[in-house]
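Input sequences plus hints: build the corresponding full structure.
Protein chains in written order, with the numbering used here: chain L, 1 to 393; chain W, 1 to 504.
The hints are simulated quantities; they were obtained by calculation from the structure and are not laboratory data.
Hints should not be assumed to be uniformly reliable.
[What the hints assert, rightly or not] With a straight-line cut-off of 30 Å between C-alpha atoms, the simulated DSBU-like cross-links for lysine-lysine are:
hint	chain 1	residue 1	chain 2	residue 2
1	W	Lys122	W	Lys80
2	W	Lys28	W	Lys219
3	W	Lys315	L	Lys274
4	L	Lys276	W	Lys274
[Stated by the list, open to error] Selected chain L positions facing chain W (Cβ under 10 Å, derived; list incomplete):
hint	residue
5	Val193
6	Thr252
7	Ser263
8	Thr267
9	Gly272
Where is the CB? At the ideal position from N, CA and C, for every residue including glycine.
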Amino acid sequence: MLSYIRENLRQYGLIVALIVIALVFQFLTGGTIFRPANITSLILQNGHILILAVGMTLVIVTGRIDLSVGSVAAFAGALAGVLIVQQGWPVWLAIIVTLLVGVLIGAWHGFWIAYVGVPFFVVTLAGMLIFRGAAILLLDGLFVGPFPQSFQMMAAGFIPDMFGGSGFDIMAVVVCAALALIVIILEAKKRAVSKKYDVEAEPILFVVVKLVFIIGAIGLFAYWFGASNGIPNILVVLGVLIVVYSYMANRTILGRHIYATGSNPNTARLSGIKVKRIVFMVYVNMGLLAALAGLVVTARLNSAMPRTGEGFELDAIAAAFIGGASPYGGVGRVSGAIIGAMVVGIINNGMNILGVPVEWRQVTTGMVLLAAVIFDVFSKSRAAKRKPALKAE
Amino acid sequence: MDTLLEMRSITKRFDSVLALDNVSITVKKGEIHAIVGENGAGKSTLMKILSGVYPYGDYEGEIIYKGETCRFKDIRESEKQGIVIIHQELALIPYLSISENIFIGNEQAKRGLIDWNVTHQKTKALLKQVGLDENPNTLVSNIGVGKQQLVEIAKALSKRVDVLVLDEPTAALNDIESENLLNLLLELKKEGITCILISHKLQELLKVSDQITIIRDGKTVETFPNENVDENRIIRGMVGRDILDRFPARDVVPGEVLFEVKDWTVYHPDIADKKVIDHINLYARKGEVVGIAGLMGAGRTEFAMSLFGGAYGAKISGQILKDGKPLVLKSISQAIDNGIAYVTEDRKQFGLLLDETICRNTSLANLKAVTQGLAVDEIKEKRVAEDYRGKMDLRARDVMQHAKNLSGGNQQKVVLSKWLFADPDVLILDEPTRGVDVGAKYEIYQIINELARQGKCVIVISSELPEVIGLSDRIYIMNEGRIVGELPQAEATQEAIMERIMEH
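As structure tokens, this is what we get:
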């Protein structure tokens, strides 16, 4: 049991840190931060960080970084603005085209980085400048809006309450209950399989504690959403994203190849992994997610703006590192990125409520980032000191 | 001779694991003292204690040096006392010059400014002392491993050194370079420098050492003077039993030709018209072990990697035939799919994901086989890895252990597991026993025999001539990118092979 916790120290340490930070703000804001309405706006205002953090974590796993995501998001928002507001395209078509353009931008970066061998820092820095400029050109330096409601719904709407609860959204409760059930079933299935093949499973006490926590958290969200406007649409987008990317990273061959590439590209290549293609694809994916983030932000603000997305890249990189991704590559989890994004989101939101100037928000996020990585460095060197027995010689 | 250094009853634990158990060793002034033992026996740990990497208090026992008890807190303190270690992995900085490397951390400065004239002059003197004829301004990245090793020694000599500890100094050197290095050690001995030598190459230490200490399983087994001792005597001490035959017998009669290479020519990837491989022809039969002998730099690794889906080289021309059918291999994954595997000579850099588990390393080259639908079946993957752990006699707690925590021999077994799981018909093994101890070597030879018995072609590249001769049915001799000779096992002797290399 103890050794199990020790091995997963980073993961749980992160969750504890998240809770501590949340409680600190709960105290400082006199309870405002955990009001149902605020939880909803917290999610609406920070969804894009999560989207970007997931993509950024994969980039970081390959040992690289993408500085262009904020500008690409702005460009995507601008493009959507031009297509929908100025050209009058149908919303669905504009969304698809914008996402495709995001893919192309990612491919542009990926091509230079993976196939030509231009350093990623230079390529994505250039991308940061190019697409910021392009966004401003596209908008002619002006705000473009307002958008039709169907577009706004993506980021600002809520799932309608089919059960017609008055004052309390029953839909939220039903969905959360279903979710809790799924979690329990999956966990039970995992244990059954482990038992069947006689593979060491997680200690039972541990599983119970974990489930209590998860279900408790789900219950909390059911209350928050139920007492406000229901489940935000954006949460569905995020949910799908999380499930798809977790599965891809943890379970598929592609995921394994990404981690192997980051862990040791030489070994990966000589094991038949097409390392260049993997790097290329990771950037393509980042382009896609940056465009998605741009759409989400534009829909929420109901306006395409030249300066949208400034600093997004830093929030995303910070979230990924706070979430435990290693700057040296090979390490980083989608689940970590989620928690990292939540930490960044809570700091943003909490400081906002407190009316703290944006400068101090940056100082705080910076300190938390540094603390998280320092924690990593220490726990790693401690682990190294503890373990070299079998390595000795 | 007087005793210079004594390590008394050294015990070192890592958590609950006993790495060193009451080890004692006495080194006399001016001698070359060899320490031998299998990988994991505790040799390097002992030297780390001596040099202060594991500081005083981290171990039990005492170190008496020049008649005084020493309590080193770090490497700096031991170096101040004249104990200098040259580690297995070289610690030079590639893009600095030889002289910069030698005086790094010990810059020849006046009032904060480096005096390059003095640095240059001193470097020249040191290089002369170690017999290295290179310009001090040459970048370290531009000289071979053998010369780098000499630079390391020059660096040690630039400080006041009484005891020089060398950990596997010749592991990456060819025969001639090793010879030079050993002669240098004998020179240094004349100058009164005491030397502790850790090596797996028994011939070498028999040649230069005065005393030999054997460590096994964290205990000193014995120390004896190097008089009337032979390799078998040492091996017996290391393994605790007799290994009668260093190469296990194989009773396979090679079948028909399975793998053939015709007119294979490869150019250097960066230097446009440099031919690295020059019209090589070669074949291997089913169940045959074919050796490729040659000096380092003969182009053997380049040849093997160019066959492996063009993993090395440019403008590759020639033909590969398998079962008589021509293969066009445009990528490494294609080569793997066509049943060819290349096991690298550099397992840490090119063979393993050191930060990953044994399990994930094992499945890496053949993930498809453990995938159902979209998802990798982690339980099946684990069972496969466990299976290979058993077959290979891999000494690890379980397959979830990380590759970096394994000894050299066990790491090599992980790499072999990975390639066996990819189920190739043709295996090219590049220096399969480099940095592997005697016991594990024997096991790897057995694995090779087993592969031959299954009807696979095994092509073994090795710089150790006794190994190529002892292992192969047939030997190709390579030099400067060409095949310069072919010998059946019956006619293969070290002299015959060297003769063919020298003729060309």
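So, going through the hints one by one against the coordinates:
{"no.": "1", "hint": "Lys122(W) x Lys80(W)", "verdict": "holds, 20 Å"}
{"no.": "2", "hint": "Lys28(W) x Lys219(W)", "verdict": "holds, 20 Å"}
{"no.": "3", "hint": "Lys315(W) x Lys274(L)", "verdict": "holds, 20 Å"}
{"no.": "4", "hint": "Lys276(L) x Lys274(W)", "verdict": "holds, 26 Å"}
{"no.": "5", "hint": "Val193", "verdict": "holds, 6 Å"}
{"no.": "6", "hint": "Thr252", "verdict": "holds, 5 Å"}
{"no.": "7", "hint": "Ser263", "verdict": "holds, 4 Å"}
{"no.": "8", "hint": "Thr267", "verdict": "holds, 6 Å"}
{"no.": "9", "hint": "Gly272", "verdict": "holds, 4 Å"}
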